[in-house]
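J.: Given next are the chains, with one letter for each unit.
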Amino acid sequence: MTRLMGAAALTLGLLSSSVAAAEVTIGYLGLTDDARYHPDIVYTRIEIAPGGNPIDGATMGVSDLAVVSDAVGQTVSLDHVEAADAPALIATLKDMVGKGEHFVILDLPADLVDQVAAAAADLPVTLVNATAPQDYLRTRCYPNLLHTAASDRMNADAMVQLLRTRNWTRILMLVGPHERDAEMAASFRASAERLRLDIVDERQFTLSTDPANREANNTQLITGGADYDIIYIADSEGEYARYLPYDTQLARPVVGSTGLVASEWQWSWDRDGSTQVTVRFEELTDGRRMTGQDWATWMAAKSIVTAYAKARSDDPADIAAYLRSSRLRMDGAKGVQLNFREWDGQMRMPIVLATHNAVIAEAPLEGFLHQTTTLDTLGTDQPEHQCQ
Amino acid sequence: MTMKRIIAGALALVTLCMSVTVAAAAGTGLIFVSNEKSHEVVVLDADYSIVKRIETSRRPRDMHFNADKTLLYVACGDDDVIDVIDVATLEVVDNIPTGPSPEVFAFSPDETQLFVSNEEDSRLEVIDMASRISVMDIPTGAEPEGVLVMPDGKTAYVTSEVADMVHVVDVASGAVTKNILVGTRPRRFILTPDGSELWVSCELSSEIYIIDTATNEIKGDSLIFVPPGFREEDVTPVGMAITKDGSKVLLSLGRANHVAIIDAATHDVLQYVLVGKRAWSVDLSSDETRAYVANGLSDDITVIDMASMSAIQSIPVGRVPHSVVIDD
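Chains as they are written, first to last, in our numbering: chain A, 11 to 398; chain B, 146 to 473.
Quick caveat, the hints were computed from the structure, so don't treat them as lab data. Everything numeric in this text was worked out from a predicted model, so none of it was measured. Take these hints with a grain of salt, some might be off.
[Stated by the list, open to error] A few chain A residues that don't get close to chain B, going by computed Cβ distances all over 10 Å: (1) R206; (2) G283; (3) Q286; (4) T316; (5) D328; (6) Q347.
[As the list claims (entries may be wrong)] Among chain B residues calculated to face chain A with C-beta under 10 Å, some are: (7) H184; (8) K214; (9) I241; (10) E264; (11) S267; (12) E290; (13) L326; (14) G328; (15) E378; (16) D379; (17) T388; (18) K389; (19) D390; (20) G391; (21) G399; (22) G441.
[Stated by the list, open to error] Distance windows between CB atoms, simulated: (23) D213(B) x L205(A): 56 to 64 Å; (24) S367(B) x W353(A): 22 to 30 Å; (25) L231(A) x P245(B): 49 to 57 Å; (26) L442(B) x A192(A): 37 to 45 Å; (27) I457(B) x Q398(A): 55 to 63 Å; (28) D208(A) x E433(B): 37 to 45 Å; (29) Y193(B) x S278(A): 45 to 53 Å; (30) I195(B) x R176(A): 29 to 37 Å; (31) R176(A) x S194(B): 48 to 56 Å; (32) S194(B) x D257(A): 48 to 56 Å; (33) Q392(A) x S367(B): 23 to 31 Å; (34) Q398(A) x I369(B): 51 to 59 Å; (35) Q392(A) x I369(B): 53 to 61 Å.
C-beta: ideal position from N, C-alpha, C; glycine also.
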């Protein structure tokens, strides 16, 4: 009863302060049956990834700021559409733009982000890539593409800062056979070079038990014959990586795709109001734990809704300009204000380095300095940035 | 459960009656610090020696005395209660159930009602102190935090950390009458002694907004205080305190590890005082010779001498100190 009264009270208050009502629809474009969110992508029923569709993050972002939207007379909704391939995604995006959607969150693998962004370059729309970390998307320089997913390089820089701080400087790199593994490894190599870590050897693993190929598939053999402080593994599937810790030749920690993992978010982060975010997300999703991808769609939606509310203009160009400006000061429950880098459209953010149940460190780590903002010690910095 | 609560309530009442004469004197001089992660309120004497660690419900945060300082109320976020500590015996004698995750609260001027922000279900709850019943439950933006009730008891203000907003609440009807958009992640309030200005700390845009309470409009530009050697984004203001004459404001700068002492009229900085890591809540002694700052990430409190405007001592207290209050 008191709740009902309260709800009525809030509506009353909001009506009195609202200006002309406006409907705002934010697009959310996903891939039908996206393999990245299958919890058991490799092997039946032995869950490897937490699963779940990151649309939940965007839904929470809109819901979190509904009070703000109401206060400025806006009603915000998400238009969630999935399509199966690049032509269908591009057609869907054009439909969305035709319906007046000026901001579309992309929840797509990198190659599809690339194709969709290329096709949208001349459309009056701002795209926000929320789930593709590939560095090459940041150097494509599409004029209307922003990123709330952390880049591979940001994650690698975060990890390398920790290794440098701990003085674990001799690395054994293990890399899987997939293109995605090579991409992650390349980012890590570049980060390691920047902070002068020593990659003592780099070996490619294969997922098999073939005795003829045991140097590449046996965890003890592949980690033998070298001396190192730590093992970094790039394994996009995760199936090889998960059996690596405690099965190595030397007693050394494993980081990268297992062990200590760099990400936008981890549910056990407990500072800066993050507990409330995790709890709200679990309530929204019937107990699902928020992932880095959920965090990035949450931030994409929150940033767009904030720009609509605070740009003080109805012109989508002004709202997009606000979104890209330093006036945007987003709260991502990581204790610092966040906005987008002007040179590559990447959201600046701290990166968490977490085990399966604890955040061990938050990068940038103390002592890594920068001439403008320490957040720019993570990722390709402006002087290094080149459009390709 | 109910029985236990009634007994505890009765006990509290008895103790309250007994300790009135004591409290009417100069106060015990004790300093109380709530430790969020060690579930305790630490009590220090005037020499800053720890005299007691009072075990509380889990995650104690904001604290307030009743008017005669016989009871100390402590919001305990993980157990959804406000614990009541008897200042004379230093025991938890009662607790008041609240909605999920109470963080910051305030009393109505006559102490008949308690206004508490429940950060996990986004509500400002009003509890009747006599019946211990929730009489109003006002929806707010997500993660409500700072709560302030005006001296006339007619208006309450509450921040929403996620919505970047201050809600103005008409206490009689429980209606939100206005939403004021402020900076990013608004946290706490102070009211100038004449009641004309409401200051709001906005943690993630590094700003202080001043609201004119006559019009509920933002007054002037937002204020930003950046100590030498820091960048604006390092400054995450949260806690504030104001002197009784309204001349000075103390503002904790969070990650910038300083407290700014500000001329409240001109907004000039009088001094930046280096304190501990992530300086948070700040409180002044009654005679305003000392200020106390809770440092969330160095597990200590820092004592500031107000005459020299310098830090004179830091005292380790426990895990993640949240608030400091003084019985003097």
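J.: Each of the hints needs a verdict: does it hold here or not?
T.: Each hint tested on the structure:
1. R206: Holds, because the least Cβ-Cβ distance between R206(A) and chain B comes to about 26 Å, which exceeds 10 Å.
2. G283: violated (6 Å)
3. Q286: Label violated. Min Cβ-Cβ 5 Å, cutoff 10 Å.
4. T316: T316(A) not clear of chain B: closest Cβ-Cβ about 8 Å, inside 10 Å.
5. D328: Nearest chain B Cβ is 17 Å from D328(A), so the label holds.
6. Q347: violated (5 Å)
7. H184: The hint is violated - H184(B) has no Cβ within 10 Å of chain A, the shortest such distance being about 15 Å.
8. K214: violated (31 Å)
9. I241: violated (16 Å)
10. E264: At 5 Å from the nearest chain A Cβ, E264(B) passes the 10 Å test, so the hint holds.
11. S267: holds (8 Å)
12. E290: The hint holds - E290(B) has a Cβ within 10 Å of chain A, the shortest such distance being about 9 Å.
13. L326: Given a least distance of 7 Å, the restraint on L326(B) holds.
14. G328: holds (7 Å)
15. E378: The hint holds - E378(B) has a Cβ within 10 Å of chain A, the shortest such distance being about 6 Å.
16. D379: holds (8 Å)
17. T388: violated (30 Å)
18. K389: For K389(B), the interface hint is violated, since the closest Cβ of chain A sits about 32 Å away, which is over 10 Å.
19. D390: Not OK, violated: D390(B) not within 10 Å of chain A, min 34 Å.
20. G391: violated (29 Å)
21. G399: holds (8 Å)
22. G441: Given a least distance of 9 Å, the restraint on G441(B) holds.
23. D213(B) x L205(A): 56 to 64 Å: holds (60 Å)
24. S367(B) x W353(A): 22 to 30 Å: holds (28 Å)
25. L231(A) x P245(B): 49 to 57 Å: 53 Å Cβ-Cβ, so the 49 to 57 Å window holds.
26. L442(B) x A192(A): 37 to 45 Å: holds (39 Å)
27. I457(B) x Q398(A): 55 to 63 Å: holds (58 Å)
28. D208(A) x E433(B): 37 to 45 Å: violated (58 Å)
29. Y193(B) x S278(A): 45 to 53 Å: violated (35 Å)
30. I195(B) x R176(A): 29 to 37 Å: holds (34 Å)
31. R176(A) x S194(B): 48 to 56 Å: violated (38 Å)
32. S194(B) x D257(A): 48 to 56 Å: Cβ of S194(B) to Cβ of D257(A): about 53 Å, so the range 48 to 56 Å holds.
33. Q392(A) x S367(B): 23 to 31 Å: Roughly 28 Å apart at Cβ, these two residues keep to the hinted range, so it holds.
34. Q398(A) x I369(B): 51 to 59 Å: violated (38 Å)
35. Q392(A) x I369(B): 53 to 61 Å: Since Q392(A) and I369(B) have Cβ atoms about 25 Å apart, the given range 53 to 61 Å is violated.
Going through the hint list in order, the structure does not satisfy hints 2, 3, 4, 6, 7, 8, 9, 17, 18, 19, 20, 28, 29, 31, 34, 35.
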